[in-house]
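**Student:** Read off the chains here:
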Amino acid sequence: MIDSAMTETDIQLMFCGSAGDGTIAVGDIFKRAMAEAGFKVLAFDIYPPEIRGFGKCISRVRVTSRQAYSLKHQSDILVSLNDSYAIPHVSEVRDFGGVLYDQAPISAMAEGEHISGHLQPGQLPYGVSMREVSDQTTGGSKAKNIVALGFLAGLYDMQREPFHQIIRDKFKHKDPIISESNLLAFDTAYDEGVSTFRLDFIELGTPERQDIGSKVQMMTGNAAVVRGCLDAGLETFFGYPITPATSIMEDLATDLPMRGGRLLQTEDEISAIAATIGAGYAGARAATATSGPGLALMVEMLGLGVMAEVPSVIFCSQRGGPSTGMPTKTEQSDLHLAVFGGAGDAQRIVLAPTNVEGAYKCAGKAFEMAERYQTPVIVLLDLYLSNRYETVILPRQNPFEADSSKKRSHQERGVPYHRFSFTDDNVSPRTVPGEEGGIHTVTGLEHNELGRPNDQPDMHLKMSEKRHNKLLGALDHPGITIQKRFGDEGKVDVGILGWGSTFGEILEAMLVAQDEGISCSAMKVVMLSPLPLQPVQEFFSDCREILIPELNYEGQFANLVGSAISKPFTRLNRVPGVPMRVADILDEIRRLAAQVKSAA
Amino acid sequence: MTEHYVIIGNGVAGNEAACHLRQRDPESRITIITAGRLLFYSRYELPRLFHEDCDWRDFLVNPVEYYVENRINVRRNSFVTHVDAQRKSINLAHKESISYSQLLVASGGATNLPAELSDFAPLLNRFNLYTAACQVRDILPKKGKVVMLGGDVLGLDLARNLINEGYQVILVATEQTFWPHRVDPDERKLLLGALTDMGVEVIENAKIETIQEGAPGMSARHILFDDGCEIFADVVMPFFGLLPAADFMMGSGVDFERGLLVGTNLRTTDPSIWAAGDVCQIWSPEENQYRFYYGWQNVKKMGEIAARNMTGDDIHWETATDHKMYIDENRQIVSPYWEHD
Chain A
78 MIDSAMTETD IQLMFCGSAG DGTIAVGDIF KRAMAEAGFK VLAFDIYPPE IRGFGKCISR
138 VRVTSRQAYS LKHQSDILVS LNDSYAIPHV SEVRDFGGVL YDQAPISAMA EGEHISGHLQ
198 PGQLPYGVSM REVSDQTTGG SKAKNIVALG FLAGLYDMQR EPFHQIIRDK FKHKDPIISE
258 SNLLAFDTAY DEGVSTFRLD FIELGTPERQ DIGSKVQMMT GNAAVVRGCL DAGLETFFGY
318 PITPATSIME DLATDLPMRG GRLLQTEDEI SAIAATIGAG YAGARAATAT SGPGLALMVE
378 MLGLGVMAEV PSVIFCSQRG GPSTGMPTKT EQSDLHLAVF GGAGDAQRIV LAPTNVEGAY
438 KCAGKAFEMA ERYQTPVIVL LDLYLSNRYE TVILPRQNPF EADSSKKRSH QERGVPYHRF
498 SFTDDNVSPR TVPGEEGGIH TVTGLEHNEL GRPNDQPDMH LKMSEKRHNK LLGALDHPGI
558 TIQKRFGDEG KVDVGILGWG STFGEILEAM LVAQDEGISC SAMKVVMLSP LPLQPVQEFF
618 SDCREILIPE LNYEGQFANL VGSAISKPFT RLNRVPGVPM RVADILDEIR RLAAQVKSAA
Chain B
437 MTEHYVIIGN GVAGNEAACH LRQRDPESRI TIITAGRLLF YSRYELPRLF HEDCDWRDFL
497 VNPVEYYVEN RINVRRNSFV THVDAQRKSI NLAHKESISY SQLLVASGGA TNLPAELSDF
557 APLLNRFNLY TAACQVRDIL PKKGKVVMLG GDVLGLDLAR NLINEGYQVI LVATEQTFWP
617 HRVDPDERKL LLGALTDMGV EVIENAKIET IQEGAPGMSA RHILFDDGCE IFADVVMPFF
677 GLLPAADFMM GSGVDFERGL LVGTNLRTTD PSIWAAGDVC QIWSPEENQY RFYYGWQNVK
737 KMGEIAARNM TGDDIHWETA TDHKMYIDEN RQIVSPYWEH D
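Residue numbers (my numbering), protein chains in the order written: chain A, 78 to 677; chain B, 437 to 777.
Next comes chain A alone, as it looks inside the complex (with noise of 0.2 Å):
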């Protein structure tokens, strides 16, 4: 990288494309090459719901040097690899940003079809011989992409090496001649980035010194689910495919089987989660992953797993809804079905990770939790959390426990055994089938110690009770961050309370909010059921006013909190199926600390 080793990087890309352009993949390439070089990536993708050949591509990818929360609302760069598809996002680039672009397409274009046209004022144009390199290069136009990577590795002076390297393992396992043809496009492509001037004030520093001790990897909110499961020591995996949950059960499929375990594709959902809780119950670590669609025909045995207290952990990643909804947009839409969803009081632990080193974390602890607290536990993510990229530090040591369950102790082993046994912390020691003296019954029937089925009122009131205080214990679990409060301590104008995927855009507009002289702090919750109440009393408290930004049209968060806390509140719902732009939830944290100055 260029010797500026004192500048701070904070660089966003975007490459735009159409399904087939190789938009995605060119994206893929960059964000691994900076992962290589040092910097922190954060990256999300947007593709069309169709397989290939329709509909519009865009890879995001925000390098920097320290960590980032959020990408940029604008893009410093934009590239252009169909500029019919491009042009709506011209307007995304900042002033004095580049726009590259193909300066000779292939055929002949009416007034306003190139992009070139299009650029604003104060962003700079980088016409790129896209399509004669790639001709020339590789013989055909399939290569636009590494074209336009080559000039860009080239004009902003990066290293080559990491970059071929990267292009040499996407083509491994095709005709050499294909990844050579390749790596000379880049290299034509550079060269002519690096004789071009720079007109634009972009500069890659170098980045920051890495924890030693832990292990830095760039992945996806999916894959850290997956490496979660794996180090947690998942044993068995049921799932059904669906976007954009898929990438779990693709990434598992190879790596489970490797270290031992299974991997069944079921017929359909019901009868992924339906088998997830027997193996449960049978001992063992189980898992199923889905959307909101699957996760809906899984509610009615989640209540099964509830009532008959089998540990089981279900991965539900968020899209558009309802029904078939948006398939390829992100929402936060599912909280409620989460953490309400099925008959009866079903209390059951749901996890919502905000970032993917917090994925990979949730992942883990949901095994644990699932073991300790004896019930479902649903980790909710979203397309956004699920498909976005960021350079993660992952501990060297396995931080999970291998066997989390509370056991029959040694005196207990002499007695009869009651499976549903009341006890102080309301979680009954726990037997798999098999083991000595275990015999139980087991019901979908409200049921007695013994699990032999009782409907009697006091019964149920009692281990109505039990289902539900037992989980009040995972408010204290180990290991895992419930809640957490950032920015200004004490008291302040403007708290924002948020959840999932989102907070890293509530973060990032309260750093800037603070920059701004707002006296602001931001609270994640991590646990939506049960939910800290506590501390989110506390944080209410501290604040002035209270914002609660989320992707859904209801505010379900704000729905699940307002149910529990009296104090009024603010909300800031979106439904664009995209990331919620940093600009709108900074507005209204300005316009709140407005609010407060005046009424002060």
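Please note that the accuracy of each hint is not assured.
[As the list claims (entries may be wrong)] For lysine-lysine, the following DSSO-like pairs were computed, each having C-alpha atoms within a straight-line distance of at most 30 Å:
#: 1; chain 1: B; residue 1: Lys643; chain 2: B; residue 2: Lys625
#: 2; chain 1: A; residue 1: Lys644; chain 2: A; residue 2: Lys568
#: 3; chain 1: A; residue 1: Lys133; chain 2: B; residue 2: Lys531
#: 4; chain 1: A; residue 1: Lys674; chain 2: A; residue 2: Lys561
#: 5; chain 1: A; residue 1: Lys219; chain 2: B; residue 2: Lys531
#: 6; chain 1: B; residue 1: Lys625; chain 2: B; residue 2: Lys531
[Claimed, not checked] Label pairs and their calculated CB-CB ranges:
#: 7; chain 1: A; residue 1: Gly189; chain 2: B; residue 2: Arg694; range: 34 to 42 Å
#: 8; chain 1: A; residue 1: Lys251; chain 2: B; residue 2: His776; range: 39 to 47 Å
#: 9; chain 1: A; residue 1: Lys251; chain 2: B; residue 2: Gly689; range: 50 to 58 Å
#: 10; chain 1: A; residue 1: Gln294; chain 2: B; residue 2: Glu439; range: 54 to 62 Å
No lab work stands behind these hints: they were computed from the structure.
No residue lacks a Cβ here, since even glycine has one placed at the ideal position from N, Cα and C.
Chain B: place on chain A using the hints.
**Tutor:** Below, chain B without anything else, positioned relative to chain A:
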């Protein structure tokens, strides 16, 4: 129907015209097409690069917001390949065609390089664009040596700035020295003397045999003259005046001599095409010939006249008096062409 005024060229004439067109026809579309990548900047200010920490934003004549507020679309990095006067359309190198109601050609002049020096072009540094100026700044060592070939007014402006900053300047004088001023032999002798007094080393009557890259560790350029003399320099720059940059008008049907031929109203032989600035030759009734006029003020006036006539006026270019180069009381040469807004 909304008029679409297209202006080829992003210099003084084009931007002055755009400004007047917007004032006189608020509803119209205005598009400026330029091969450059930057908005309109002052090339006269480029020598500041040698004594200030500045970049292209500091040279912008209008702020970015000006173009938004005035709805002037500046299409940069766009190369015009052909003008079809019959269809009233322009073809761009990236295969896009743009139609116009009225067209103003204000594409200015390109650096003139005599044919005998064309072989050495890769070894010569220009100063006509911001990017070229930055390259000179970047490769020229502190107190380094610059050889100027020719020495038109743009070159001499740079020369005096370089001298003031401690650089060495050698001028290889030719008949284009002082261009576009018309200088008689007596004046020329006085002016060259003044240049010497200013610190410029002047070489006259020298014919360049070859220009080569310097040996490693030595000065970057090596100039050999036909009399056997030689000069080592860090940068060699040609300043031989400008040639109209309007090759794309070939085949358009518009009359073209050395530049686009226009009447005193700046209209070409096509009723929808106008020209202004260094690209056009204006009919001079007094001299009974077409001729060029240079300098910021002249070119700016042309832009205004063209715009007004494009929007219905009938104003005519009045023959300007030729500006004289002179020597001031401090023995400094001064060209009125250096004056700008």
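**Student:** Run through the hints listed earlier and report the numbers of any the structure violates, in increasing order.
**Tutor:** 6, 8
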